[in-house]
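In the order they appear, the protein sequences are chains A and B. Just so it is clear: in the first sequence, position 62 is 62 by this note's numbering, and no numbers are missing. Just so it is clear: in the second sequence, position 75 is 75 by this note's numbering, and no numbers are missing.
In short, the hints are calculated from the structure, not lab data. The reader is advised that the hints may include incorrect statements.
To be verified - Simulated pairs of lysine-lysine, DSS-like, Cα-Cα distance not exceeding 30 Å:
(1) B:LYS81 with A:LYS64
(2) B:LYS68 with B:LYS103
(3) B:LYS103 with A:LYS20
(4) B:LYS68 with A:LYS41
(5) B:LYS103 with A:LYS66
(6) B:LYS103 with B:LYS81
(7) B:LYS103 with A:LYS64
(8) A:LYS55 with A:LYS14
(9) B:LYS68 with A:LYS55
(10) B:LYS81 with A:LYS41
(11) A:LYS55 with B:LYS103
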Amino acid sequence: GAVVSQHPSWVICKSGTSVKIECRSLDFQATTMFWYRQFPKQSLMLMATSNEGSKATYEQGVEKDKFLINHASLTLSTLTVTSAHPEDSSFYICSARPGIRIEQYFGPGTRLTVT
Amino acid sequence: GQNIDQPTEMTATEGAIVQINCTYQTSGFNGLFWYQQHAGEAPTFLSYNVLDGLEEKGRFSSFLSRSKGYSYLLLKELQMKDSASYLCAVRDGLRYSTLTFGKGTMLLVSP
Chain A
1 GAVVSQHPSW
11 VICKSGTSVK
21 IECRSLDFQA
31 TTMFWYRQFP
41 KQSLMLMATS
51 NEGSKATYEQ
61 GVEKDKFLIN
71 HASLTLSTLT
81 VTSAHPEDSS
91 FYICSARPGI
101 RIEQYFGPGT
111 RLTVT
Chain B
1 GQNIDQPTEM
11 TATEGAIVQI
21 NCTYQTSGFN
31 GLFWYQQHAG
41 EAPTFLSYNV
51 LDGLEEKGRF
61 SSFLSRSKGY
71 SYLLLKELQM
81 KDSASYLCAV
91 RDGLRYSTLT
101 FGKGTMLLVS
111 P
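Chain A with its partners taken away, still in its complex shape (with noise of 0.2 Å):
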């Protein structure tokens, strides 16, 4: 049980486009989920929070018009990174967690590549 789906696993776009990345959890409702972004050799950092029908909590120094943020139901959140730049290249991780349970469940990751 837990599992979490991301979608895609990898992209490569070319800059000044957008790509969306889904994150979904298979089995079980997710009243928050979580972007992470990790740069090679580096730890996880959060980018947002989301809850489901609400509007994501965004962290200090992260754009909310660049990294869009879609949380429209309990097994699914979408985020959005628009006009992408090579520097927007990264390791992007969703995570979920369950209403009762204190644990977070990760994503598989999707790794973009920003030309």
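Here the structure of chain A is known, so what remains is to put chain B in place on it, guided by the hints.
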């Protein structure tokens, strides 16, 4: 804010025991997690401590001392597949849901 420190790298031999330490300074504390992350993959949950003491789960154990701001992850009977990065993460006392991760400890298990 949160400040979490872990050693960058550790090496050990197959079959041995290794202890990975984590110290933290936080403005609030509501639990500490350990996650395992293989290269290019997402982290997987290993353990959670909120009270002082030792939590044992198979080959893995985790210890917490809140007064010292200290935790360790103990791995016994090391296997080659245990080669991975081990992430210590602290749950914020005020922002209940959020986790702050340390930079991770890369463990290399050799034959």
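How the hints compare with the structure:
no.: 1; hint: B:LYS81 with A:LYS64; in the structure: violated, 39 Å
no.: 2; hint: B:LYS68 with B:LYS103; in the structure: holds, 20 Å
no.: 3; hint: B:LYS103 with A:LYS20; in the structure: holds, 27 Å
no.: 4; hint: B:LYS68 with A:LYS41; in the structure: holds, 28 Å
no.: 5; hint: B:LYS103 with A:LYS66; in the structure: holds, 25 Å
no.: 6; hint: B:LYS103 with B:LYS81; in the structure: holds, 20 Å
no.: 7; hint: B:LYS103 with A:LYS64; in the structure: holds, 25 Å
no.: 8; hint: A:LYS55 with A:LYS14; in the structure: holds, 28 Å
no.: 9; hint: B:LYS68 with A:LYS55; in the structure: violated, 37 Å
no.: 10; hint: B:LYS81 with A:LYS41; in the structure: holds, 19 Å
no.: 11; hint: A:LYS55 with B:LYS103; in the structure: holds, 29 Å
This entry does not satisfy hints 1 and 9, going by the numbered hints stated previously.
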